[in-house]
Amino acid sequence: MRKILCIFLSIFLLFCSAAALSEATVRDILGITEDSAYQNAFLGFGFHLEDWTVLSQERSEEVEKFAKQLLSSDAQESIEASGSFAVFSAIAPNSTDNINAVLIPLDDQAARVFELLGIKYLYENQLDQLQSTLEDAQMQDISIVVSSIAIDGRELTCLRTACNYMGQMNIHSLQISFIKDTYLINITATASAREAAEDAMGRIFWMQNENQ
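Note that numbering that gives the first Met the number 0 has the sequence shown beginning at 0, numbered continuously upward.
Just the calculated beta-carbon pair ranges, DEER-fashion:
no.: 1; residue 1: Q139; residue 2: L115; range: 33 to 39 angstroms
no.: 2; residue 1: E49; residue 2: S131; range: 34 to 40 angstroms
no.: 3; residue 1: F204; residue 2: L116; range: 26 to 32 angstroms
no.: 4; residue 1: D34; residue 2: D140; range: 39 to 45 angstroms
Quick caveat, the hints were computed from the structure, so don't treat them as lab data. The C-beta atom is built at its ideal place from N, Cα and C for all residues, glycine as well.
Based on the sequences and whatever the hints tell you, model everything.
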């Protein structure tokens, strides 16, 4: 099942043109783990870990590389062009439920357009592409809904996805996105049950110095 859940590390990255990340910026955006929580002051969010495990940057990159191989060549090329960067990955004790934060650097014009149109518009205009990507990955009974979710007192647009892999397992995914400066941040929780995906999203908290 872990192999199939890896698909959700990459299918939501097909959104935009990107700018380059400098080495200094990469160091800034990785965040830290302390007091049983992942904390990212630069991007303004954290994640209550408790019994979850944060994957190392090297391991996150390995998983992301493997996930891309499960997609079509066109989808892989789109993800590479996006300049996406895995900021944070954590996995539950069952070794399947997971949450991932991916950053996509935008040029100034793209950032202004995204802020003007809003995340809901961004999601709604990617539904057909997401549907096609999931079908290419042999998913069945696909349901994709743009709705809302309350996280740490804040109401956010949410992309809810449910599907079944070849009649063998159910997969549920929740995604939120937000713009910070000239970055698009996608946070995706994936699990075998909807309640588990909701629980993962419920571990997110906003840091006081965030400025989304």
